[in-house]
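Colleague: Listed here are the chains, written in short residue letters.
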Amino acid sequence: MATIWVYAELGPEGVRSPAFELLTKARSLGGRVEAIALGPGAKEATDQLGHYGVERAFVSDDPVFADHPGRPAAHVVGGLVQEHLPDLILFPSSYDARDVAGRLQGRLGVTLMSNATDVLGPDRARTEIFGGTKLVDVELAGPSPRLVLVRPRSFAAEPAEGAAPAEVVTVDAAIPDELLGVRIEERHEEAASGPRLEDAKVVIAGGRGLGGPERFAMLDELAAAIGGAAVGASRAAVDAGWVPYSYQIGQTGKTVKPEVYLAFGISGALQHAVGMKGAKRIVAVNKDADAPILKLADIGVVGDLFGFLPALTEEIRKRRAS
Amino acid sequence: MNIVALAKWVPNPEGTPALGSDYLLVRTGAEGALDPGDEFGVEAALRLVEAGGGEITVVSMGPDEALPAVQRALAMGAHRGVLVTDPTLRGADTLVTARVLAGAISRQPFDLVIAGVESTDGYTGTLPLTMAELLGVDAVTAVRHVEAVDGTLRVERQTESGYDVVTCRPPAVIALTAGANEPRYPSLKGIMVAKQKPLERLSAEELGLSPDEVAPTQRVVAVEDAPPKAGGEIVGADEAVARVADLLAAAKVI
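Residue numbers (our numbering), protein chains in the order written: chain A, 1 to 322; chain B, 1001 to 1254.
Hints are computed from structural coordinates only; laboratory data are not their basis.
Quick reminder that beta carbons are idealized off the backbone N, C-alpha and C, glycines included.
Check each hint, because a few of them may be wrong.
[Said to hold, decoys possible] Listed next, the stretches of chain B that the computed footprint assigns to chain A, with coverage defined by at least 3 CB atoms under 8 Å from CB atoms of chain A: (1) 1092–1098; (2) 1103–1114; (3) 1129–1137; (4) 1172–1180; (5) 1216–1227; (6) 1238–1249.
[Stated by the list, open to error] Calculated cross-link-like contacts (lysine to aspartate or glutamate; reagent style EDC-like; alpha-carbon spacing at most 20 Å): (7) B:Lys1252 with A:Asp199; (8) A:Lys280 with B:Glu1233; (9) A:Lys201 with B:Asp1246; (10) A:Lys280 with A:Glu214; (11) A:Lys295 with B:Glu1160; (12) A:Lys134 with B:Asp1121; (13) A:Lys318 with B:Asp1246; (14) A:Lys134 with B:Glu1224; (15) A:Lys295 with B:Glu1065; (16) A:Lys280 with B:Asp1246; (17) B:Lys1197 with B:Glu1065; (18) A:Lys287 with B:Glu1239; (19) A:Lys257 with B:Glu1160; (20) B:Lys1189 with B:Asp1022; (21) A:Lys287 with B:Glu1233; (22) B:Lys1252 with A:Glu259; (23) A:Lys134 with B:Asp1022; (24) A:Lys287 with B:Asp1238; (25) A:Lys134 with B:Asp1225; (26) B:Lys1252 with A:Asp47; (27) A:Lys201 with A:Glu259; (28) A:Lys257 with A:Asp118; (29) A:Lys287 with A:Glu214; (30) A:Lys318 with B:Asp1238; (31) B:Lys1252 with A:Glu314; (32) B:Lys1252 with A:Glu315; (33) B:Lys1229 with A:Glu315; (34) A:Lys43 with A:Glu55; (35) B:Lys1229 with A:Asp177; (36) B:Lys1252 with A:Asp298; (37) A:Lys43 with A:Glu198; (38) A:Lys318 with B:Glu1239; (39) A:Lys295 with B:Asp1225; (40) B:Lys1229 with A:Asp290.
Construct the complete structure from the given sequences, taking the supplied hints into account.
Modeller: Below is the structure:
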């Protein structure tokens, strides 16, 4: 019987939601499901893990894992792997988890697959390439455990029926000094107004075709007219420095699944498509009739977005007022 | 500070990628370039060396076609190049690639290795850390700014909601985000001089790697087309506003 571990990340409200998605998937594969949670709040989070079917949780509340990203966690997980020999470890696709998984690949000499959109078994996972137009099944070989980084929102999170509390194992957080060379000195929050991109029912995104940072104000106006819409951006617009990274939707960035996704001046490169193609309805406005995003769109508009945007904003204001 | 800048040759990012019958990305005969994501790393290396001295070695792994990626970095101003090219490395996964690059990097002392956050063609994003682990050094990923202060690296690391200021002692690996700087264009003189710069070609065997160590651990076993999206249409400019407003109304969001 396979033993599957889930690397659970912690946030201000306990376990971050991608871990619940991964635990739900892990349960569906059969076998024993266990979890690792490292950092302040880990012990308190074991109740949440138990609800999602975790039989045993390896935890430590030590702040060393929050202050020194990557290396201490990889050191501890590497030790646990050698002691308990799991078959498969699932990680969320965050920067921090990716760092831990990357180090483990080197330390243990085991295989690591990125960007999985489905896990088919202890040695098989699926990914999507070319902007989600092709599904690729990959067989994972070599020594165990196999490591898989899973894209957020690939699965729904469902609590386990009749779940019992998880057995809690406190792990030793004594980290050798030479693994503490990277230290977080300051944390800066770049607060965005409006709803979070991940939660918004409507997401309005701008790309290179907007032509400059000032044009994002037009998206803000449309968002205000709709009410409760969030504004995001393609990587091209973020790389150009027009909006902060927290706006970014795509492979590197956020995955969104709103009711409606409105894309303005975004070509729809693979990078972007993986972050938004799960939207229920997609509208794309682009001056280039060959832009790949038009193939994803329920409604595509080929034309001048600077004429279209204020007209749409006005129409929505009118409809909402009537 | 002696810096290694990693350079990957990728098929033209604007082009249409293709899979061969072996399910591997077609790389031979394809038009390609230095991964745009790596240009930021080369630029960051140049700026650190211009400010504090030292030399830059460009390290790449790829087929013969990858040579222009190394040459581009040399033309930008890097001092020497290393290209690991070996038919056994075709289809290398990230573990194999990390072993190869770590092997090539550790042949000379280094203070800093700069990589992109993820490549434009494979975008796994795990290589810098796997390599750092094999090299036994610290690493910081998602770096949007780097400077050297009194022998310590001070970097800004992107987070979900902002950024952290992180310190790190060399030797180290950093993964730089696209947009971290404005990569320079090679000058005509740079392009001419690049041809005279030292360039070393290495095989996997010359790095002391056994066939087992370069055997990929991942194999594509099936590829299928995703179900096409149905019902999409292109609407004319005259009706576009009404149609999009109707769609928003149907979705009950206005």
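Colleague: Against the structure shown, which of the earlier numbered hints fail to hold, in ascending order?
Modeller: The structure breaks hints 2, 10, 11, 15, 20, 26, 33, 35 and 37; every other hint is satisfied.
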